[in-house]
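As they're listed, the protein sequences go chains S and X. Per UniProt numbering, the first sequence runs over residues 1 to 378. Per UniProt numbering, the second sequence runs over residues 1 to 378.
The reader is advised that the hints may include incorrect statements.
To be verified - Quick list of the computed label-pair ranges, beta carbon to beta carbon:
1) S/G108 / X/A347: 55 to 65 angstroms
2) S/E317 / X/E310: 48 to 58 angstroms
3) S/R138 / X/P315: 26 to 36 angstroms
4) S/H80 / X/E361: 35 to 45 angstroms
5) S/E211 / X/P315: 39 to 49 angstroms
What the hints assert, rightly or not - Below, a list of computed lysine to any residue pairs in the SDA-like style, where the Cα atoms sit at most 25 angstroms apart:
6) X/K289 / S/D154
7) X/K289 / S/S67
8) S/K289 / X/G153
9) S/K289 / X/F152
10) X/K289 / S/F152
11) X/K92 / X/E222
12) X/K289 / X/D137
13) X/K92 / X/L130
14) S/K92 / S/R58
15) S/K289 / X/D154
16) S/K289 / X/P65
17) S/K289 / S/D201
18) X/K289 / S/E66
19) X/K289 / S/G153
20) S/K289 / S/M204
21) S/K289 / X/E66
22) S/K289 / X/S67
23) S/K289 / S/D318
24) S/K92 / S/R142
25) X/K289 / S/P65
26) S/K289 / S/E222
27) X/K289 / X/Y316
28) X/K289 / X/A309
Calculated from the structure, these hints are not laboratory results. We put the CB at the ideal spot given by N, CA and C, even for glycine.
There are 2 protein chains.
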Amino acid sequence: MTEIRRGAVATRRPTGTPPERHGAIGTQREKEPGESSDGHEAAILLSESRASVDPELRSALASLPESMRRIALYHFGWQHADGTPAADNAGKAIRPALVLTAATALGGSAARAAAGRAAAAVELVHNFTLLHDDVMDRDATRRHRPTAWAVFGDADAILAGDALQALALRLLAADPHPASAAAAIRLSDCVMELCEGQHADTAMERRPPTEVTLDETLVMAEAKTGALLGCACALGALYAGAATEEVEALDAFGRQAGLAFQLIDDVIGIWGDPRHTGKPAGADLAARKKSLPVVAALTSGTPAAAELAELYAAPYEDQEDLERTALAVERAGGRDWAQAQAADRMARAMQELARAVPEPEAAGGLLALAEFVTRRST
Amino acid sequence: MTEIRRGAVATRRPTGTPPERHGAIGTQREKEPGESSDGHEAAILLSESRASVDPELRSALASLPESMRRIALYHFGWQHADGTPAADNAGKAIRPALVLTAATALGGSAARAAAGRAAAAVELVHNFTLLHDDVMDRDATRRHRPTAWAVFGDADAILAGDALQALALRLLAADPHPASAAAAIRLSDCVMELCEGQHADTAMERRPPTEVTLDETLVMAEAKTGALLGCACALGALYAGAATEEVEALDAFGRQAGLAFQLIDDVIGIWGDPRHTGKPAGADLAARKKSLPVVAALTSGTPAAAELAELYAAPYEDQEDLERTALAVERAGGRDWAQAQAADRMARAMQELARAVPEPEAAGGLLALAEFVTRRST
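Start from the sequences, fold in the hints, and give me the full structure.
Written out as structure tokens, the structure is:
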């Protein structure tokens, strides 16, 4: 479904601006007039970010006690379960890229160079929550491999998550940069919000579908997905010595982009292509997940909403059930709503970005990453 | 079994020293010549510590997101499961008392006053590990109440633990004291060691009893119990501006006292009085736990060791089985070993204490707390 992944979000670019020169190191190339953002810049940013964050991450993981290190290296995709080295499979590391790109946007290459530990800390927090979420959600597969709990058991997956959280905050505590304490405060606040978001998610999944409101689903999605993307951008701004207003604007940028991402991800979760996403289309419906398009559909007051509620009240049966359910979500307006909402969130993200980083040239890297996350599943 | 809880540890007091005047605030009373330490001073220290740490803790917990706050307040014994206030049941808070008493010993009342957040942070970390350990160990009761996972489910207990860890490190990140970053580094290192200790514990419980060595059991006990007591003392020293050598000596003091505590606690777990400990005598044996006296007995090479191995190879049957098992541990020398080892660890703790705090007067508070923990179960 290329048109969803590529076309769902209409980014508002400032008109009349000259071809952009992006601030990120190594991406100072001129764009051809009329060249659209095609994910190429984002790919460069992500790969440059990995190149600088991976050594930080690997050295941090090396400092873990042996038992925790083994589980963490497996989870990061750097080792097999038996401890032998594995081909790198550690995900795209979008959050560290946001830290480094935000630092570059507001403070240039010096800020970027200073923010390496903060970038690693954010990625460690992200992975600590993945380890724990997989235990809670009983998800047996992540990045095409068995999850840590499926391999090492619940206790070790919980402990490895605990150790990664400690390691993340240790990196910041040991960082002599003047922004490190403020960064640690923001990152721990973010962890508490992530916990709240995951709690709301699991609690909502236990409630009858018709009792869940769209507002609380959006709040949950912002806490669960937007908060850490916002925090990543805010940490980059802090390490650039930015003013409070800019830090907050970049936090809001990341949150709105994160919500846009979640909306698109939910659409892909219903109608997406499993070859591209690693997630079978319809899996969320089969699990009767209260994803954003589904809740929008259920609360639409349409006849299709009633049909959907009936389908969701019974367990998943077969492929035909899945198709009927997807059609009901669509007829109740869930798909259109999610796409419009995603575009709206991206527009808000762009506004916040322009507030924090008025020069289009400097903002280009963050724009490219936001476009990237709203088109692909992490 | 009063003689175990009171008499197991023969503390080496410096001879010829004058009656002690303890440094802790509010406990500057002269000891009568020949008066033994009877837990009275420790009780005063603990109650004074609670009085200063509880407001810090309550204000920290109040800052949690609502869902996490509810679970945390239940776990701390300050609320019932329905959110109504409960009679205080939050445990003795020995770790914050160690932070404050160590700060007092090395830096007087100014250091004590400055170390309030660090004391609260240590207690938050302790409680985060309790929340998670209870999930992993499937322990359904703590402090005579159902555990958090038994009331709120595994997911919420895991999340509340995660949030408490974040809150602990946030307290230190927001603390303007010059020692706060060093304290955060020590506390996160300690969390990683606690994780390693809990991992070793759960891994050992899955192995055949005869394959577990005494050395690895001691290392596990030090990581699981000694590390946080040592860290508490070290944080107090850091907040007193102590030199590295004093900080390390107080860490070692706490670790050795923690090991002594664990040894005594294990003895109580086999032969103790349930009315005093809240833990039925023999529960550890019934669960075939590889506690320190049991591993000492199993590795003793005595005929009783073989008998014990045979008993441990089969599941628990009845009270008679329990009595035979306890007798086998005793005849294999497990009880004597544990008591001698506890006394030895306490002697080492006293040596470290004397290195860090040479004046008996200033060291008195920490000595009283060490004696307290090695006589009672927390």
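Going down the list of hints, with the structure as the test:
1. Between S/G108 and X/A347 the beta carbons are some 59 angstroms apart, a value that agrees with the proposed interval 55 to 65 angstroms.
2. The supplied range of 48 to 58 angstroms is met by S/E317 and X/E310, whose beta-carbon atoms lie about 54 angstroms from each other.
3. Between S/R138 and X/P315 the C-beta distance comes to about 29 angstroms, which sits within the given range of 26 to 36 angstroms.
4. Separation of S/H80 from X/E361 is about 58 angstroms and departs from the stated range, judged on CB atoms against 35 to 45 angstroms.
5. Checking the proposed 39 to 49 angstroms range against S/E211 and X/P315 shows it holds: the Cβ atoms sit about 45 angstroms from each other.
6. Annotation: proposed proximity of X/K289 to S/D154 holds, straight-line Cα distance about 20 angstroms (limit 25 angstroms).
7. Restraint check: the Cα-Cα separation between X/K289 and S/S67 comes to about 21 angstroms, which is no more than 25 angstroms; the hinted pair holds.
8. The hinted pair formed by S/K289 and X/G153 meets the criterion: a straight-line CA distance of about 20 angstroms does not exceed 25 angstroms.
9. Between S/K289 and X/F152 the CA atoms are separated by roughly 21 angstroms; this keeps the pair inside 25 angstroms, and the hint holds.
10. At most 25 angstroms may separate the alpha-carbon atoms for a hinted pair to count; X/K289 and S/F152 meet this at roughly 21 angstroms.
11. At roughly 21 angstroms between alpha-carbon atoms, X/K92 and X/E222 fall within 25 angstroms of each other, so this suggested pair holds.
12. For the suggested pair X/K289 and X/D137, the alpha carbons sit about 12 angstroms apart, so the restraint of at most 25 angstroms is met.
13. Distance restraint check for X/K92 and X/L130: the Cα-Cα separation of roughly 14 angstroms lies within the 25 angstroms cut-off, and the hinted pair is therefore satisfied.
14. Restraint check for S/K92 and S/R58: the C-alpha separation of about 15 angstroms stays at or below 25 angstroms, so the hint holds.
15. Among the hinted pairs, S/K289 with X/D154 is consistent with the structure: their alpha-carbon atoms are about 20 angstroms apart, no more than 25 angstroms.
16. For the hint pairing S/K289 with X/P65, the CA-to-CA distance comes to about 24 angstroms; that is within 25 angstroms, so the pair holds.
17. Between the alpha carbons of S/K289 and S/D201 the distance comes to roughly 10 angstroms, so the proposed pair stays at or under 25 angstroms and holds.
18. Note on X/K289 and S/E66: the hinted pairing holds, with a Cα-Cα distance of about 24 angstroms set against a maximum of 25 angstroms.
19. The hinted pair formed by X/K289 and S/G153 meets the criterion: a straight-line CA distance of about 20 angstroms does not exceed 25 angstroms.
20. Taken as a hint, the S/K289 and S/M204 pair is honoured in the structure, with Cα atoms around 9 angstroms apart against an allowance of 25 angstroms.
21. For the given pair, S/K289 sits about 24 angstroms from X/E66 by alpha-carbon distance, which is consistent with the 25 angstroms threshold.
22. Distance hint between S/K289 and X/S67 is fulfilled; the C-alpha atoms sit about 21 angstroms from each other, no more than 25 angstroms.
23. About 16 angstroms separates the Cα atoms of S/K289 and S/D318, which keeps this hinted pair within 25 angstroms; it holds.
24. About 13 angstroms separates the Cα atoms of S/K92 and S/R142, which keeps this hinted pair within 25 angstroms; it holds.
25. A distance of roughly 24 angstroms separates the Cα atoms of X/K289 and S/P65; the hinted pair therefore holds under the 25 angstroms criterion.
26. Our distance criterion of 25 angstroms between C-alpha atoms is met by S/K289 and S/E222, whose separation comes to about 17 angstroms.
27. For the suggested pair X/K289 and X/Y316, the alpha carbons sit about 11 angstroms apart, so the restraint of at most 25 angstroms is met.
28. A hinted pair counts as satisfied when its Cα atoms are at most 25 angstroms apart, and X/K289 with X/A309 qualifies at roughly 12 angstroms.
Checked against the numbered hints given earlier, the structure breaks only hint 4 and satisfies all the rest.
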